[in-house]
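Participant: Below, each chain spelled out in residue letters.
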Amino acid sequence: MKCIAYFSKAPLTKRGICLPIGLSDIVKASNRNAKSKMTGFLCYRQGYYFQVIEGPHEEVEQLALKISTDSRHSDPCIFINQRINKRCFTEWRVSVFDLIDQSQLFKQFIKIYKIEVANFTEQQKLGIQKFYDLKNLSYSKNYEGKNLRLIAWPDLNHISHSQIVIDLCVKLTKKSYPFNQLLDNEQFGTRDQVNAVLNQFQNLGILTVTEPDVLKKQEIGIVHTKTPSSFFGAIKKFLGMR
Amino acid sequence: MDYQKLAIIGEVGAGKTQIVQTLSEISPFGTEAKSTIDIGKEHTTVGIDYGRITLSDDMALGLYGVPGQERYSFLWEFVNQSLWGLLILIKYGKTPNYENLDKMLTFFSPEKSETTCIVAITHCEEGDELSIAALGQEIRVMLMHHNVVAPVINLDPRSQESAKSLLVLFNALNN
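Protein sequences, first through last, are from chains A and B. If you use my numbering, the first sequence closes out at 242, no skipped numbers anywhere. If you use my numbering, the second sequence closes out at 1175, no skipped numbers anywhere.
Hints in this document: simulated from the structure, not taken from any laboratory. Computed from a prediction, not measured in an experiment: that's the story for all the values here. Incorrect hints may appear among the rest.
What the hints assert, rightly or not - Footprint (simulated), chain A over chain B, 3 or more residues, beta carbon under 8 Å: (1) 1049-1056; (2) 1093-1105; (3) 1134-1148.
We put the CB at the ideal spot given by N, CA and C, even for glycine.
Isolated chain A (complex conformation) (with noise of 0.2 Å):
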C-alpha cells in the first residue's frame, strides 16, 4: 500500500482571484474514490486543497499521476510519498466548505504520521497550517455591546432552516446590527437562542463581531425603526402572506 500527501494552489481566474473552479467537479470524480479502495480525504480552505490518498500502491500511484496534471490546481507540493502497512483513515471523506472545522481530519494525519510531520519543511509546515490552524482559534462568544454582520450566508443544505436561522440571515445581511437590539421582543427568539445561532455562525466563520461605531449608531437606529414600505406590504399581500 502507499499514501501520497500534499497540498496545492486552487487557479487564479484572468482577473487575478483565487477560486476553486470546478470544485463541484473535483468533488464528483473524487467520490470515486469513495467507491474504490481509496481512503484518504480532501480539503480545500482559503484558495489552497489539501488531499491524503491511502490505497493499493499501483493505483495510488496512478492517481497521483493523474492529479498533478489537473489544469484546476496548481502549485502541487507533495510531502508524504511512501509505502505504509497500516492506513490512516478507514473511509474517503471531503470537506470542501472553506470554513468549518476542519481539525478532526487533521488531528488523525498528524497522530499517525507524527514522525513525518516533525521533519516538515517550515514552508510544510505553513501549508498545513491553513488548514490546522482553526484549533487554535477562541472566539470571543460575547456579543454584549457589539456589532455582528455576515460576511456570507452559511451553506443552508448544511445548516437548519429554522426560521430563527433565515430571520437572523436576513436582518445581518445588510448592515451590521447591535447584538442588544436583535434581543428587543424577542422577534427572533429568546436570548439563549438568538446565541446558540450566533455561536453557530460564528463556529462557520461567517460573522463578524466589532466594536460599536459611535457615528454609525444613528444610522443603525434608522434602519431599526424603520417602517416596511407599501412595496413590501405589497408583495407579501401578492404571495398571500397577510
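With the hints as your guide, set chain B onto chain A.
Facilitator: Using the frame of chain A, we list chain B on its own:
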C-alpha cells in the same frame, strides 16, 4: 406608479425564461428565437424575457430575464435602474463561467448599490448533495471577493412554490 424591477441574469439554459414564466402573470413576449449556434437547447433567448407582477393599480414588479454573457452587457444597462432585486441563476452540471460572473458582479455591484442579490442554483435534481454544496462554495468565494453577502439557494424554476419562496426571501431582504 411605483414600478420596480427584478433582474434575472444567467447563462444559457440556467432557467431565466422559465422563472420569468413561472413568476409572471402575463406570458413573456416572444423573445424566444431559434438559436443560430448549437448550444444544446433548441430555443435560446436573444433579448429580454419580460414578465410583470401587478401588485395594485399603481404598483408593479417587472421581471426581466437577461443573458449573462458579457456581449449582452448593453442589456444589463437597460435593467440596472429601479432594481428591486438581482437574481443570478447558475446551472448545476457545468462549471460556471466565472469570468462572466465576475464581470456581472462588478457591473451591478450589489454591495455598493445596496441591491438585494440572491444566487440560485438550478437543475439541482441532476446532482448529489455534496457536489451541489461544492458548487455553492465556489460561488460563495466569488461573492466574498466582491463583498456581496447573498444567499445561495437551490431553485426549481418550474415550481410555483420554489418561485414564491424566492420572492419571499427577496422581500424579506429588502425590508
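Participant: Give a verdict on every hint.
Facilitator: For each hint, the structure was consulted:
1. 1049-1056: Holds, because 3 residues of the segment 1049-1056 of chain B bring their Cβ atoms closer than 8 Å to Cβ atoms of chain A.
2. 1093-1105: Answer holds; 4 residues pass the 8 Å Cβ test.
3. 1134-1148: holds (count 11)
The structure agrees with every numbered hint stated previously.
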